[in-house]
Amino acid sequence: MTQRSDATGFVTDESDSVPSAPFFWARPRAAYIHIPFCAHKCGYCDFASVAGQDDAIDRFLSALDREMASQLTPGTVVDTIFVGGGTPTYVSAKQLDRYLDRLNHWFQVSPDVEFTVESNPNTLTAEKVAILANHGVNRVSLGAQSFRPHLLKQLERNHDPASVGRAIDLLRKRFDNISIDLIFGIPGQTQKEWEEDLETSLSLEPNHISAYGLTYEKGTPLWKQRKLGIVEPIDENIEATMYEHLMDRLNLNGWEQYEISNFARGRKKCRHNLYYWANAPYYGFGTGAAAFQNNRRTLNLRPLITYMERVESGESPICQSEVLESESRARETAILNLRRTEGISRVNFIETTGHRIDDLAGDPIRQFVEHGLLIDDGETICFSRAGFLLADGILARIV
Amino acid sequence: MRTEQIRNFSIIAHIDHGKSTLADQILLKTGAITQREFRSQVLDDMDLERERGITIKARAVAISFNLDGNEYELNLIDTPGHVDFNYEVSRSLAACEGALLLVDSTQGVQAQTVANAYLAMEGDLTMIPVLNKIDMPASRVETVREEVSNTFGFTEDEILSASGKTGDGVDQILRAIIEKIPSPPGNPDGQLRALIFDSHVDEYRGVIIYFRIFDGTIRNNDRIKMLRSGRMYETLEIGQFRPTRKSCGELSAGQVGYLISNIKELKDVHIGDTITLAADPAQEPLPGYKEPKPMVYCGIFPTDNAEFENLRQALEKLSLNDSSFTYEPDSNEGLGFGFLCGFLGLLHMEIIGQRLEREQDVDIVQTAPSVKYEVVLQNRETITINSPDKVPDPSTIDFWREPIAKVSFIIPTESIGGVMKLCQDRRGTYIRTEYLSKDRTILVYEMPLAEVIIDVYDKLKSLTRGYGTMDFEIIGYREGDLVKLDVLVAGDKVDALSTIAPREFAMTRGRKLVAKLKKEISRHMFPVALQAAIGGKIVARETIPAMRKNVTAKCYGGDITRKRKLLEKQKEGKKRMKQFGQVEIPQKAFLAILSVDEE
Ligand SMILES: Nc1nc2c(ncn2[C@@H]2O[C@H](COP(=O)(O)OP(=O)(O)OP(=O)(O)O)[C@@H](O)[C@H]2O)c(=O)[nH]1
Ligand code: SF4
Ligand SMILES: [Mg+2]
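In order, the protein sequence lines correspond to chains H and Z. Heads up: the first sequence is residues 594 to 992, going by the numbering used here. Heads up: the second sequence is residues 180 to 778, going by the numbering used here.
It should be emphasised that the hints constitute simulated quantities derived from the structure, not laboratory data. Backbone N, C-alpha and C fix where the C-beta goes; we use that ideal spot for every residue, glycine too. The reader is advised that the hints may include incorrect statements.
[Unchecked claim] Pairwise CB distance ranges (calculated):
| # | chain 1 | residue 1 | chain 2 | residue 2 | range |
| --- | --- | --- | --- | --- | --- |
| 1 | Z | K748 | H | T669 | 31 to 39 Å |
| 2 | H | D647 | Z | N489 | 39 to 47 Å |
| 3 | H | C912 | Z | D637 | 50 to 58 Å |
My request is simple: use the sequences and hints to build the entire structure.
See the structure below:
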């Protein structure tokens, strides 16, 4: 394994970075499957998720299978499978077993395939853990978000903090690749509480952490509460300090930041996400799922019933579709690549997009380098530590 | 129609004293509109007028009215109250023999009450004083009656009282109009002489001319001639506003109405021109009007330079219905290509800005208003300057001259001290004090116009808790010791932020200006230095610290389109923002100089 310490001071190893040079016209090597069911709807959530529609689970799983059948041949070879939600493990053991069986039918599942299932701590049982493992799932991403009851309440999450430890104990027996999701910048959260949440997470010894600053998404209850002044967003400076602490803490002791919000230990980067950031193609199935195939991005419709009705009557559940012309696609590649710690490789960029990054964004790159927000060593362009904090503003100049 | 049956009158008053509301009541009482057609301020039909509740354009309506068994025709011209639109008032008055002088009985005599009453006196109009809003609990009918009587010399029982809201007193007003206002002079059989007092463009019919006939008769299909411009047209439609356009085929001496001809552009019609018949033309034109001259200037630039042509078309379109503002192409290093525009006053400027954005849908940046200076150069040449970025190299300047205004304040006596201090701080010269009543005073100062437009009006309002009003007129030019105050943003001079200031205040203003700009310009991803300089020497400096965090991180799963669109929207830039190098400057920053004294 070759390691180098780049100009950011971050350690990156090259052996397992980007899955081999992807081209958008190539056949997808990643697949996303969306299971929308949840025990209840969290206040900040704008994912395609539904609560209280458990009666529809079986019907949905049939529709999902039918959607996959319309595009896949049995045993399709992929490199990563990612089951997201919603809460994919919220369904009954029997239902879990049912859809994982079908995924094993449509895809060739092997130990080389990164097979992730998202989960919420209080939905996991020994039985479900066994079902996951027996179907070739080898990575579980656990939505912990916080370990403080008052912050979980603020987020309207219904689990008890101790359930995260219990879930990890259960998972440990069968999995060596566990990721924890965290949220910071929750109204009322202090710096100290955040640091403790991070330490608690580390003490559970995950291999991967995704940490997101809370965003207020239009239409969510949280967004309305902010508008009405019931909830006050956290101060920009505190949020910045929280994020800086995250980066500093997780660039030590074998941890490595490999993207704005993603950190891995022992080279357990999420390969599935790396496909997104490489702007490589992927399949997408289920309500609200996005897919990228043959240079076309598509989005499935979100409403559960409509999705099922469409698929059942043999129609496509796609509600949005977009083909970008070459330059816009190249810009899109740039903003995705740049999210990664390793940034944009000039050589790679021209190979995959046919455009020179300097023709597209030479001026902003130079300016941001001047302001110390980007680092340009001639071969690659990447965020500096200060640049990560201002990522949106930088990406907005390049898109 | 015999002239004895006609009465032509205007309603004049200080802004918001209830002219348009009273006009509504008169229309209602005389049956010109029915209760069903009624909506507040019927005559204010421009969107902006209705929204702001002010009248901008004068309106003329013909009303049939029966009193004691006799038929009359009343022509009512509603006028704006704001100073900026004074010229509309004087034009309207020239079409009338009388005026209702309306005074809000909760407010008393105000600056434009006096200014407009003087206009009516100059025009030899018969004035009927009316105390308005008597339905309001705050109404002080007796005190205000005394004030009106003292100020204008009416006897107390000449002064009527009314409520435009309830309709109280409107019958007495109608009777007074018939009994006191003289019927118009003129001979229906004489040579045609009609005064054009206004015009506007109708999308479908082209130019519509408002006129008042002094002599003769005009009919459909007449061949007419404009005495001043010499142009000839054929009348297609003669009519009156009742209150919507109604064709009537013929109008004669004393009457007020409109005509439609095949005139396409407003600039072909001169307000104040005299209409006569081509076949039998009158020799003497009626006295016309002075063209209103712009008093304040500002740059108007498209936020997006590619929109220049759209902006030009939009300005052209607006000027079709408002010939009182001027515009000429201008360019400026930071703002690119745009226009230097002249206005009658600040309200006028604001209104044009809003109409551009609202009706014409162009996103603009407006620079701070400037007056028109005269600069005498070392070589004895005199140049005029109406924008700070046009100031020549100081070493070539011998001296400056600036416009001076005579400002009349009407204020509660108790705030005299504060207002006098304000005037002194604004380089004012004291002229005189007059007492309107025991607790209200007229204070007159001469002051550079540039100081008047900065914020004297807002300051006056706060010093007098809203009770003070002011009016001003330009009385000429005087020498002034002025300098150009430059502003540098991130090290680069931004001409659009520069200003002309008296040398004695320049340093303080520079300091306050950069402090204010620091608040108006939002934080960037890097620190932004703000500096003020006089003749190349830095006199003030502030730094806007860099923003700390804007990353939202979330990538929306695989929904990359969504993230990309969010970023693109962010890139598109915000409305009314202008990019200078790497710094985005919002519209508000360009007007910062107007409110530097706020804190
Ligand atoms: N209570 C009461 N309110 C009135 C009366 N007359 C007018 N108002 C209110 O006073 C405000 C101003 O009335 P307008 O009729 O628009 O005044 P204006 O003089 O035409 O205003 P400008 O044309 O802008 O100079 C409005 O809110 C009216 O509703 C009145 O007799 N009684
Ligand atoms: S568990 Fe996740 S998907 Fe479900 S409602 Fe909460 S945030 Fe949304
Ligand atoms: Mg009005």
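Evaluation of the provided hints:
| no. | hint | verdict |
| --- | --- | --- |
| 1 | K748/Z / T669/H: 31 to 39 Å | holds, 36 Å |
| 2 | D647/H / N489/Z: 39 to 47 Å | violated, 56 Å |
| 3 | C912/H / D637/Z: 50 to 58 Å | holds, 52 Å |
The structure fails to meet hint 2 from the earlier list, while all remaining hints are met.
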